[in-house]
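Quick mapping for you: the protein sequence lines, in order, are chains P and B.
Under the UniProt record's numbering, the residue at position 243 of the first sequence is numbered 243, and the numbers go up by one with no gaps.
Under the UniProt record's numbering, the residue at position 123 of the second sequence is numbered 123, and the numbers go up by one with no gaps.
All clues given are correct.
Identical chains blur together in the list; that is why a pair holds if it fits in one copy or across any two.
As a list, the in silico DSBU-like pairs of lysine-lysine whose alpha-carbon atoms are at most 35 Å apart:
(1) 7 x 54
(2) 245 x 98
(3) 70 x 3
(4) 98 x 7
Simulated from the structure, these hints should not be mistaken for laboratory data.
Protein chains: 2
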Amino acid sequence: MNKKVGKQTVRLDSKPKIISTFSVVGPKEGNGPLSEYFDVILEDDLNKEDTYEKAESSILYMAIKESIKKANLSDNDIDYLFAGDLLNQLTSSTFAAKDMDIPFLGLYGACSTMTESLAIAAMILDGGFANHVIAATSSHYSSAERQFRFPLEYGSQKAPTAQWTVTGAGSMVLGTEGNFPYITYTTIGKVKDYGVNDVNNMGEAMAPAAVNTISQHFMDTGRTPDYYDLIVTGDLGIVGKRITKELIMEYGYDISSNYIDCGDEIFNHEKQLTNAGGSGCGCSAVVDCGYIYKNLLSGKLKKVLLISTGALLSSTSCQQGLTIPGIAHAVAIES
Amino acid sequence: MNKKVGKQTVRLDSKPKIISTFSVVGPKEGNGPLSEYFDVILEDDLNKEDTYEKAESSILYMAIKESIKKANLSDNDIDYLFAGDLLNQLTSSTFAAKDMDIPFLGLYGACSTMTESLAIAAMILDGGFANHVIAATSSHYSSAERQFRFPLEYGSQKAPTAQWTVTGAGSMVLGTEGNFPYITYTTIGKVKDYGVNDVNNMGEAMAPAAVNTISQHFMDTGRTPDYYDLIVTGDLGIVGKRITKELIMEYGYDISSNYIDCGDEIFNHEKQLTNAGGSGCGCSAVVDCGYIYKNLLSGKLKKVLLISTGALLSSTSCQQGLTIPGIAHAVAIES
Numbered sequence: 001m002n003k004k005v006g007k008q009t010v011r012l013d014s015k016p017k018i019i020s021t022f023s024v025v026g027p028k029e030g031n032g033p034l035s036e037y038f039d040v041i042l043e044d045d046l047n048k049e050d051t052y053e054k055a056e057s058s059i060l061y062m063a064i065k066e067s068i069k070k071a072n073l074s075d076n077d078i079d080y081l082f083a084g085d086l087l088n089q090l091t092s093s094t095f096a097a098k099d100m101d102i103p104f105l106g107l108y109g110a111c112s113t114m115t116e117s118l119a120i121a122a123m124i125l126d127g128g129f130a131n132h133v134i135a136a137t138s139s140h141y142s143s144a145e146r147q148f149r150f151p152l153e154y155g156s157q158k159a160p161t162a163q164w165t166v167t168g169a170g171s172m173v174l175g176t177e178g179n180f181p182y183i184t185y186t187t188i189g190k191v192k193d194y195g196v197n198d199v200n201n202m203g204e205a206m207a208p209a210a211v212n213t214i215s216q217h218f219m220d221t222g223r224t225p226d227y228y229d230l231i232v233t234g235d236l237g238i239v240g241k242r243i244t245k246e247l248i249m250e251y252g253y254d255i256s257s258n259y260i261d262c263g264d265e266i267f268n269h270e271k272q273l274t275n276a277g278g279s280g281c282g283c284s285a286v287v288d289c290g291y292i293y294k295n296l297l298s299g300k301l302k303k304v305l306l307i308s309t310g311a312l313l314s315s316t317s318c319q320q321g322l323t324i325p326g327i328a329h330a331v332a333i334e335s
Numbered sequence: 001m002n003k004k005v006g007k008q009t010v011r012l013d014s015k016p017k018i019i020s021t022f023s024v025v026g027p028k029e030g031n032g033p034l035s036e037y038f039d040v041i042l043e044d045d046l047n048k049e050d051t052y053e054k055a056e057s058s059i060l061y062m063a064i065k066e067s068i069k070k071a072n073l074s075d076n077d078i079d080y081l082f083a084g085d086l087l088n089q090l091t092s093s094t095f096a097a098k099d100m101d102i103p104f105l106g107l108y109g110a111c112s113t114m115t116e117s118l119a120i121a122a123m124i125l126d127g128g129f130a131n132h133v134i135a136a137t138s139s140h141y142s143s144a145e146r147q148f149r150f151p152l153e154y155g156s157q158k159a160p161t162a163q164w165t166v167t168g169a170g171s172m173v174l175g176t177e178g179n180f181p182y183i184t185y186t187t188i189g190k191v192k193d194y195g196v197n198d199v200n201n202m203g204e205a206m207a208p209a210a211v212n213t214i215s216q217h218f219m220d221t222g223r224t225p226d227y228y229d230l231i232v233t234g235d236l237g238i239v240g241k242r243i244t245k246e247l248i249m250e251y252g253y254d255i256s257s258n259y260i261d262c263g264d265e266i267f268n269h270e271k272q273l274t275n276a277g278g279s280g281c282g283c284s285a286v287v288d289c290g291y292i293y294k295n296l297l298s299g300k301l302k303k304v305l306l307i308s309t310g311a312l313l314s315s316t317s318c319q320q321g322l323t324i325p326g327i328a329h330a331v332a333i334e335s
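Work the whole structure out from these sequences, hints included.
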């Protein structure tokens, strides 16, 4: 049976359920406007480890293990762990996975990894290949800064368009049974390159990919923006969100009344000095696992379209003068 | 319908077909014993680009585009491109994908990426989510050396257990129709860490993961080693191959009569001074897309088990004194 709908979307007839989520954030994220929705707020962003990379891996491990516990399951019940992060060679994810007894599939989509993992996990479940799967991802401000930009010790200044990588990890357990929020459609994005090469303005680099995937989702499904209670992009931040809202008008869709961005929501930018807002895989992970999921559970939200967005750069590609391509994947969740 | 077989294996009832493959290798690989099986042998490993990273991306692009052509298809016929490579943030894959009109899902499993992409691609096809998908990966000796070890200009010596990263890219187009070699089972591996931390001996680091996945495949399916004409690990090289052959005896499986390793086959180690053999995502990609696939097409091989193996290290994890976990995924191909 072919489940394709339009060009880039598939329908998940079995409605894979998100049976639990768990989110862990750093102290700064815990001081932001969404603090009440996170499961754990760290007091120290090193989480008792001696490097930021180990700290990131430890919070991803915590998020995954706790999400399994919350679902009343154990490692052995999980058929696949789909996970990824921003660190070179997925260091956080692989070192988290090595202490778990779960088949592991590593993914990389930069900050789009939450919906990338969620979309693949949902398809694998719907296809009958698993009973329970996990989609998880993480990022860490301090490990990302020194890998992509400068060691923190340099005290570099940030451009007004620069974003603040979220310290956080989120994990979702998906299953086939139960009365939980469920996934109805996924729309997988294409890599879009509009020639942006300013590493301090990733919102601008990612916005065209977000617009492309969101409008393709509407075209494929025949839905319109008002179908959803909330359309939630991953981490475009203030700049990328503004571009997305305007640009998608040219495709004939007005999302201005029900559109938010995780990078915009997670911080109080003026008070917390986070410039254009949050970013990193962990940004949409913790907002989706925390704020969005808990509002779906409570019934405050019923239909949500999640679109995590990724800027596909490496420090090598930037140093070689290349542009920053973007990507975005959409997942429709309903309850 | 549940397609799970045993603990880590799934059965693909629709038998996803590998309808075309394409392989591109560098001059050194073209001088090796498998030269007749590769589709393109580069004269210059820069492939007219000005950096090795761009060269790697260009050969991956070539492999994907030519595999599509060989299948008499165009970009628009491909529902998903599953690809990954060794470069930080999957630079080769994302920059290859940005010039294609195909939804992209980036994967990272180090040198296990060929069977990781092939396994997910096969499940997505079997699940009814696509008509055609691509599994592809690449590596490049010169981009890998400078990223993971030392700039080539240093002229560093290599340990006898060190492997030589293959310059190569391979792409497979999978479809639902036609009389082609087809995929019957996939077995997804767990991350295995036996405490090896010698970056010059990745074969030893990966062997336990290979043994674990291969023996799990036999346990799950009830098959024995003699079911297959050939059991093919990804890039364990001479050292890892020897360990695998011995270690799997302890699980009660004797694979000594029908087992080869891509890293062992691709070079003439003594003549070509490649120490413990080939490695890199491109190694199993070009051997599987070239030697294995062409022998399946000709009927010389009928039942093959492919197991690409990955060493999950980053230069950061090594510098922080961490071990090198390994992973391996198996895909059974029959005709």
